[in-house]
Amino acid sequence: GARLKCDALDQHNVTLSSELQKVEDRSKAAILEAEAQALETSNRLSQDLERLQEKNSLLSDKLGALNSIEHELQVNQSNLKEVSKERDLLAEENEEMLVQFGLLKE
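Residue numbers (the numbering used here): 106 to 211.
In case anyone wonders, no lab produced these hints; they're calculated from the structure. Just so you know, not all the hints are guaranteed correct.
As the list claims (entries may be wrong) - Beta-carbon label-pair distances, calculated as ranges: (1) LEU164 with ASP193: 41 to 47 Å; (2) GLU175 with GLU198: 34 to 40 Å; (3) LEU154 with LEU185: 43 to 49 Å; (4) SER147 with ALA113: 34 to 40 Å; (5) GLU177 with GLU198: 28 to 34 Å; (6) LEU171 with GLU198: 36 to 42 Å; (7) VAL188 with LYS167: 27 to 33 Å; (8) SER147 with GLU177: 41 to 47 Å.
Computed from a prediction, not measured in an experiment: that's the story for all the values here. For each residue, glycine too, the CB sits at the ideal point set by N, CA and C.
All chains should be built: construct the whole structure from the sequences, respecting the hints.
Put into structure tokens, the structure is as follows:
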């Protein structure tokens with residue numbers, strides 16, 4: 106009887122070892138799959154980051170150009186104000202000369 110019990114326990118042990126091996130194999134496969142997915146995701150994120158950095162660089166260049174244009178516009182606006190003042194002064198002087206020479210009544 107004891108021999109039968111021993112054989113049955115041995116058989117049960119072999120079955121459990123086999124089941125444990127299957128679980129370990131599935132675990133290893135799941136870990137490898139997860140690692141492969143993580144690597145794929147990491148590569149995709151790296152590519153996304155690279156594209157975003159390129160876009161950021163282009164936008165930075167455009168912003169620099171726009172700032173330069175804005176500065177030019179401010180300079181032009183300032184110059185225009187000066188020219189307008191000069192024009193008004195010349196118009197006044199012209200009017201005074203015309204009055205002086207009697208070509209225009211006050």
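* Asked: When you take the CB atoms of VAL188 and LYS167, is the distance between them in 27 to 33 Å?
  -> With a Cβ separation near 31 Å, VAL188 and LYS167 satisfy 27 to 33 Å, so the hint holds.
* To do: Kindly confirm whether 43 to 49 Å is satisfied by the beta carbon distance between LEU154 and LEU185.
  => 46 Å, holds
* To do: Mind checking the hinted window 36 to 42 Å against the Cβ distance between LEU171 and GLU198?
  => Holds - the Cβ-Cβ distance for LEU171 and GLU198, about 40 Å, lies within 36 to 42 Å.
* Could you tell me whether the CB distance from GLU177 to GLU198 stays inside 28 to 34 Å? => Cβ of GLU177 to Cβ of GLU198: about 31 Å, so the range 28 to 34 Å holds.
* To do: Using the Cβ atoms, figure out if GLU175 sits within 34 to 40 Å of GLU198.
  => For GLU198 against GLU175, whose Cβ atoms are near 35 Å apart, the range 34 to 40 Å holds.
* Asked: Does the hinted range 41 to 47 Å hold for LEU164 and ASP193 at CB?
  -> 43 Å, holds
* **Hint check for GLU177 and SER147 - Cβ pair distance inside 41 to 47 Å** => At 45 Å between Cβs, range holds.
* Could you check the hint for me, namely that SER147 and ALA113 are 34 to 40 Å apart, CB to CB? => Violated: the Cβ-Cβ distance is about 50 Å, outside 34 to 40 Å.
When the structure is compared with the earlier hints, a violation turns up for hint 4 alone.
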